[in-house]
Structures are given as C-alpha cells and as structure tokens.
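Peer 1: Now for the letters of each chain:
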Amino acid sequence: MWRWLAEAFAVAAKDLRTEFRTRVAINSLGLFALTVLAAVSYTVGPYRIAAEDRPFLLAVLLWIVIFFAALAGLDRSFVKEEESHTAPLLRLAASPSAVWFGKLVFNLLVIYMLMAILVPLYCILMGYTIMMVWEFVLILVLGGYALAVITTIVAAIIARALTRGALFSVLSLPLLLPLMIFLIQGTAGVAEGTPEIVSSTVRAVLSMGGIMTIVSAALFPVVWSD
Amino acid sequence: MLRENAEMEWIVPKPVSEILKWVLLVWLAGVIVAAFFYVQPAEGFIGESSRIVFFHVPMAWVAVLAFLVSCVTSVMYLRRRDPKDDIRASVSAGLGLLFAVLATTTGAVFAKIMWGAYWNWDPRQTSITILLLIYAAYLALRGAIDDPERRASLAAVYAILAFVTVPFLVFVVPRIYWSLHPDTIINTRGANEFDSRYTQVLLASLVGFTYLYVWLYTIGCRIEEIRQRRRQEVL
Chain A
0 MWRWLAEAFA
10 VAAKDLRTEF
20 RTRVAINSLG
30 LFALTVLAAV
40 SYTVGPYRIA
50 AEDRPFLLAV
60 LLWIVIFFAA
70 LAGLDRSFVK
80 EEESHTAPLL
90 RLAASPSAVW
100 FGKLVFNLLV
110 IYMLMAILVP
120 LYCILMGYTI
130 MMVWEFVLIL
140 VLGGYALAVI
150 TTIVAAIIAR
160 ALTRGALFSV
170 LSLPLLLPLM
180 IFLIQGTAGV
190 AEGTPEIVSS
200 TVRAVLSMGG
210 IMTIVSAALF
220 PVVWSD
Chain B
0 MLRENAEMEW
10 IVPKPVSEIL
20 KWVLLVWLAG
30 VIVAAFFYVQ
40 PAEGFIGESS
50 RIVFFHVPMA
60 WVAVLAFLVS
70 CVTSVMYLRR
80 RDPKDDIRAS
90 VSAGLGLLFA
100 VLATTTGAVF
110 AKIMWGAYWN
120 WDPRQTSITI
130 LLLIYAAYLA
140 LRGAIDDPER
150 RASLAAVYAI
160 LAFVTVPFLV
170 FVVPRIYWSL
180 HPDTIINTRG
190 ANEFDSRYTQ
200 VLLASLVGFT
210 YLYVWLYTIG
220 CRIEEIRQRR
230 RQEVL
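Going down the list, the protein sequences come from chains A and B.
Under numbering that gives the first Met the number 0, the first residue of the first sequence carries the number 0, and numbering increases by one thereafter.
Under numbering that gives the first Met the number 0, the first residue of the second sequence carries the number 0, and numbering increases by one thereafter.
These are computed hints drawn from the structure, not numbers from a lab.
On a predicted model such as this, the values are computed, not experimentally measured, just so you know.
Fair warning: there could be bad hints in the mix.
Only pairs whose alpha carbons sit at most 25 Å apart, straight line, appear in this in silico SDA-like list of lysine to any residue [stated by the list, open to error]: (1) A:K13 to A:L89; (2) A:K79 to A:L124; (3) B:K111 to B:W214; (4) B:K20 to B:E223; (5) B:K83 to A:S224; (6) A:K79 to A:L33; (7) B:K83 to A:D225; (8) A:K79 to B:V32; (9) B:K83 to A:L161; (10) B:K83 to B:V68; (11) B:K111 to B:F35; (12) B:K20 to B:I218; (13) A:K79 to B:A143; (14) B:K83 to A:V214; (15) A:K79 to A:A5; (16) B:K83 to A:W223; (17) A:K79 to B:R150; (18) B:K13 to B:V71; (19) A:K79 to B:P147; (20) B:K111 to B:Q124; (21) A:K79 to B:R149; (22) B:K83 to B:W214; (23) B:K83 to A:P220; (24) B:K83 to A:V221; (25) A:K79 to B:A139.
Every beta carbon over 12 Å from chain A, so not counted as near; a handful from chain B, in silico [claimed, not checked]: (26) Y37; (27) R150; (28) L215.
No residue lacks a Cβ here, since even glycine has one placed at the ideal position from N, Cα and C.
Assemble the whole structure, with the sequences as input and the hints as a guide.
Peer 2: See below:
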C-alpha cells in the first residue's frame, strides 16, 4: 500500500516537475481561461444581464470557461508520454494503477490551481455575488474532482489513438455534460441561496465522481497496457 | 484474429430466423394498424398525439437495450478477447444510435403537437441528445484507431464509461429538473396508467421492435464478420 502510494506520488511529482519546466499544460489551460474570461467580461460585463437572470447565466458562463479550459490542456498528461516516447519506460517503472492515480493527482492539482485563480477573478470581474460561499467551495472541489477523473481516463484513451487533439473534446464532452448540468444548477443554487438544490447537486456530483473513479480504476490497466 | 471456420453469428437458429422474418413483417404491420384503429386516443392529449407512444416507447426501449448489449459485449471482449465480441459491441452501438435518433424524432413530433415546439430542451430531450453524442463519439473513436486489437479494447473501455453515464441521464437529470415529459412506464408511483387496449398494443409493439433489433443485429454481425474475414484474406 505504502509502496503503491509512493509510486503514485512519484508519478505526480515527476509530472509537476516537468510541467513547471515546460509549462505546456498550465500555459494552455491558464491562458485559455484568462482569454475567455477577458472576452466574456468585455462583452457581457457586470451590468448586461438582468438581476433575476444573474445567478443562473453567470453560473453557465463560469462552468463553460472551466470545462473548456480543462479540455484545452488536460490531455497533455498522457499525450506527452506518448509523444516523447517515455510511456514504455513508465510502464516498466510503475504499476498501472499507480500511474493512473499519479496522473489523476496531477490533473486534480492543475484544475484546482486553475480554479483558485479563475473563480475569484471571475466573481470580481462579473460582479457575481454568492450567497452561500462554503457550499460554493464544496461544489467547486467536488466538481473539480469529477472533472479530473473523467478527463484523466479519456486522456489515457486518446493518447493511444491517431488524431488526438480534436478527439479529446469529442470523447470528453458527452461524458462531462451531465456533470456540467448538475454543477450549473448547483452554482445557480448557491448564488441564490437555495439549500435544496445544493444538496441534490452535491449528491449527484458525488455519485458521478465516485462511480467514475471506480470504473476508471478498474479499466485503466486495459487502456494503459494494451 | 477471426478463425477460418468460425461459426456465423446466429442468435436464433437459421431456419427459425427465416420464418420469424416473415412473422415480424406481419406482426409489425398488425401493430401499426392496431395503433391507429384498435385504441382510442387517450384523454389529456391533444388530438391523436397519444398514438405516438406505440412507436416512441419501443424506440427508446430498443435504444437502451442496444446500449446495454454494447456494454455487456464490451465487458466480454475485455474478459476473453474474442474479436467477435468487438463486432457485437460495435454493431449494437450503431443500432442503438439509429433507434435513439428515431426515439428523438418521434419525441420531437409529439413535443410539437403537445408543447408547441419541436425542441425546447426539456430534460428528456437534453438527456437523449447527450446519449446521441456519446455514441457518436464512440463511433468516432473507433474510426481514429488503426490497430484492430487496440481499437477493440479502447472502444470497449469507452463503451463501458459511456454506459455508466446513462443512468444519470435517464434517471437523475429528469428527476432533479422539472420536465414536461409524461410519466414513464416505470414511474415513481408504480402504477400502470394505460387501459387494457393500450397495454396490449404497447406490449405487442415492444415485442415486435425488440425482435426487429435482434434481426438487424444478427445481419449486422454477419456482414461485419464477412467483411473482416475478406480483409484478412486480402492481407
């Protein structure tokens, strides 16, 4: 168990180190998010949307920026191993489940870093007031986790296909859309301050994240070693 | 690799299937006639719109059944690595996509008559759209991988992932959000709200369309098997 954890965290640490050397994923994710945020803030701004529509419409824009930013860079975690031909070495060095968990931790950290910068900026620039702040943080944490689980396994699949860039969005989005619907409703709920919507969202996102974790942990060895 | 003398795909033995094919023709013709002449339009629905239930519900059921078959055969492929399981999964996913399109279309016609618009992003319509996207993505993934064995195992993994999201789409999304969609056959109250003639025709239609799926599935698997064997002969 400890050995497995050590392997997994070694994979995540290696990814973080190479990421900070090249900054490919962080640049593509972060700059994409900031550019879209600038565009949204310029065109919509804090005053264009009527007060009663704000909680919902601003939630939609926020999650669209987060999801599309994630789709712009999270496939790097596996694609870079195939492109630099380091994947065979990684297969020898660590067990498949440790690789999966390490990559998941890496993607999770990237998403949380993105959220930590993007979400406060978004709330300030768009004038998005949240009534239930801690519940909002909970939704962001759970949503970020489910997003990381799904994109990690899809990135592993498309790293082994021929056309990678477009395929990542094509394969991820249908799996992510239900999650996106839940998260938008939940964020609109915390912005308005309606606890019932929050609890149903948390349950839906938790079960989705949980099931996806189990299924991808079980299926990853097939994707990784075939 | 497919074996030279591999048995052709027959779920129903060949002579029986030859007869059932003609039974199916008569059966489905009977279902169509019954749907329009045997039952009375249901109360609470505009005009004759309730009759579409005899086509819409079986389409949706077959679509889900096909996706279930695709998921099960994908699991079987990963367990025993038989190329025929991969053929089964891909044929079934293709048919599931076809029936899901038909369910969406019949649903849109009903929506136009009852709700005034073909499309209004009702939760049911949203969920079927995502379902269509998932299986279109599955077929796109199959197109993007050259190596047959890798294609089979990666597609199987994606089919299982996709099937896991189906319960969220079919059960969770419509439950959380308010929907105009009439109560489903398996509803929360556990009550069957159809009168007996409705139940008879609907069951007959379900049986008919399910066998139509089985028949198309058998043909699809055989065609795909022959195609792959031909490719091996050429190589």
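Peer 1: If you draw a straight line from the CA of A:K79 to the CA of A:L124, is it 25 Å or shorter?
Peer 2: Violated: A:K79 and A:L124 sit about 34 Å apart, past 25 Å.
Peer 1: Does the alpha-carbon distance linking A:K79 and B:V32 stay inside the 25 Å limit?
Peer 2: violated, 60 Å
Peer 1: Against the 25 Å threshold, does the CA-CA distance of A:K79 and B:R149 hold or violate the hint?
Peer 2: Cα-Cα ~19 Å, so holds.
Peer 1: Is it true that the CA of A:K79 sits at most 25 Å from the CA of B:P147?
Peer 2: holds, 23 Å
Peer 1: Is it correct that the beta-carbon of B:Y37 has no partner in chain A closer than or equal to 12 Å?
Peer 2: Check passes; 39 Å lies beyond 12 Å.
Peer 1: B:K83 and B:W214 were given as a pair; does the straight-line alpha-carbon distance stay at or below 25 Å?
Peer 2: holds, 17 Å
Peer 1: Would you mind confirming whether the straight-line C-alpha gap from B:K83 to B:V68 stays at or under 25 Å?
Peer 2: Satisfied, since the Cα-Cα distance of roughly 13 Å is no more than 25 Å.
Peer 1: When you check the alpha-carbon spacing of B:K83 and A:L161, does it fall within 25 Å?
Peer 2: Given that 25 Å is the threshold and the Cα spacing comes to 24 Å, the pair holds.
Peer 1: Can you confirm whether the C-alpha distance between B:K111 and B:F35 stays at or below 25 Å?
Peer 2: Status holds; Cα separation ~19 Å.
Peer 1: Assess, step by step, whether the Cα of B:K111 is no farther than 25 Å from the Cα of B:Q124, and give holds or violated.
Peer 2: Roughly 13 Å between the alpha carbons, so the hint for B:K111 and B:Q124 holds.
Peer 1: So if I understand the rule, the pair passes when the alpha-carbon distance is 25 Å or less; does B:K20 with B:E223 pass?
Peer 2: holds, 20 Å
Peer 1: Would you mind confirming whether the straight-line C-alpha gap from B:K111 to B:W214 stays at or under 25 Å?
Peer 2: violated, 32 Å
In this structure, the hints that do not hold are numbers 2, 3, 8 and 27, in rising order.
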